[in-house]
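Participant: Turn these sequences into a full structure, and let the hints guide you.
There are 2 protein chains.
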Amino acid sequence: MDTTTSTAVSSIERFMASELAGDIEFLTARTRALGSARANKALENLGLKVRSYSVLSLACSGLAPTQRELAEFLSLDPSQIVPLVDQLEERGMVERQADPQDRRSKVITSTTAGRQLYKKARAATTAGEAITMANLNPDEQKTLRNLLSRIAFSD
Amino acid sequence: MDTTTSTAVSSIERFMASELAGDIEFLTARTRALGSARANKALENLGLKVRSYSVLSLACSGLAPTQRELAEFLSLDPSQIVPLVDQLEERGMVERQADPQDRRSKVITSTTAGRQLYKKARAATTAGEAITMANLNPDEQKTLRNLLSRIAFSD
DNA sequence: CTTAATCATTGACTTTATCAATCATGTAAG
DNA sequence: CTTACATGATTGATAAAGTCAATGATTAAG
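Just so you know, the sequences run in chain order A and B.
At position 34 of the first sequence (counting the first as 1) the number is 34 in my numbering, and the numbers step up by one without a gap.
At position 87 of the second sequence (counting the first as 1) the number is 1087 in my numbering, and the numbers step up by one without a gap.
Heads up, none of these hints are tricks.
From chain A, some residues computed to sit far from chain B (all C-beta separations above 10 Å):
1. GLU44
2. ARG91
3. ARG115
4. GLN116
DEER-style ranges, computed between Cβ atoms:
5. B:ALA1130 <-> A:ASN146: 15 to 23 Å
6. A:ALA98 <-> B:ALA1127: 44 to 52 Å
7. B:ARG1091 <-> A:GLY47: 41 to 49 Å
8. A:ARG150 <-> B:LYS1120: 27 to 35 Å
9. A:SER105 <-> B:GLU1089: 43 to 51 Å
10. B:ASP1077 <-> A:ARG14: 17 to 25 Å
11. B:ARG1091 <-> A:PRO100: 54 to 62 Å
Hints in this document: simulated from the structure, not taken from any laboratory.
The C-beta atom is built at its ideal place from N, Cα and C for all residues, glycine as well.
Facilitator: Structure representation (structure tokens):
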């Protein structure tokens, strides 16, 4: 007798037996919803969201992404990148640099302030991720990354 | 020498070395984007999307979900469930039934037509999922489901 | 050269998400 | 009982995301 630990969990357990709960699409959607809610909260103080954090991260990577590449890697439409870069640029965190190879493209690079912000943001998301993954041991976490990567980059 | 197989892939590889590419949040977001695009396409002919499919699936599960439970399980706001059920109900696929235990709640059940539609839809999404997971062997697929479940239901 | 393709950008438009308010019902306490 | 408070579905307002076509600047190809 006892199915009522917390209202939130009680009914969830019932549906874990459903066919839907075995769908990878569903599981990734739910995992992502949980993770990005947590990440957004962790980034709030820094004036960032998951999206702007992602752009900043790639800008700080030294890989010199163009906006088109950002769109592709982040699964976004190129038109969605524009306001993301706009905001970061206005804050002085990144810069649009004309690509000398192809003047249509704009390479996004980070400023010193951008790299400082990223360092803090990275710490925040890492901490959030640790909470999200608390149920998995380090080996399992590594495995999960590996498996997801092979799906996410299978195109 | 050859890095130019397809424009889409060429730059992606470069960014797989980035810190961001190791973030679980990022990997689930990308995996989900890929998967739900495929699933939506697979469901298009049936007049369904991932969301309505999920509701239909749970309605067909025999688990008698209430709308609140659907919202919780699908990580949606209760107000988002309303139009989803509306549409399926208008098509005669599901029914809102007053819960005799609690007349505030409405239990969503499937009709015969709903179960027939679900059968087709299930086949479509399963096929799509097989494509998504093609790079993983059966054991790996099972492992992935297990690991994701433990994160997705860790609340 | 001229034609076609690509990149960033804009703008229109649709779909999702978020949140407060409401009505009906249920629960708890005096 | 009845008063006070909590909950489930619904509505409506608003913000945020996603989708798509069109444009100007450039580059690539014939």
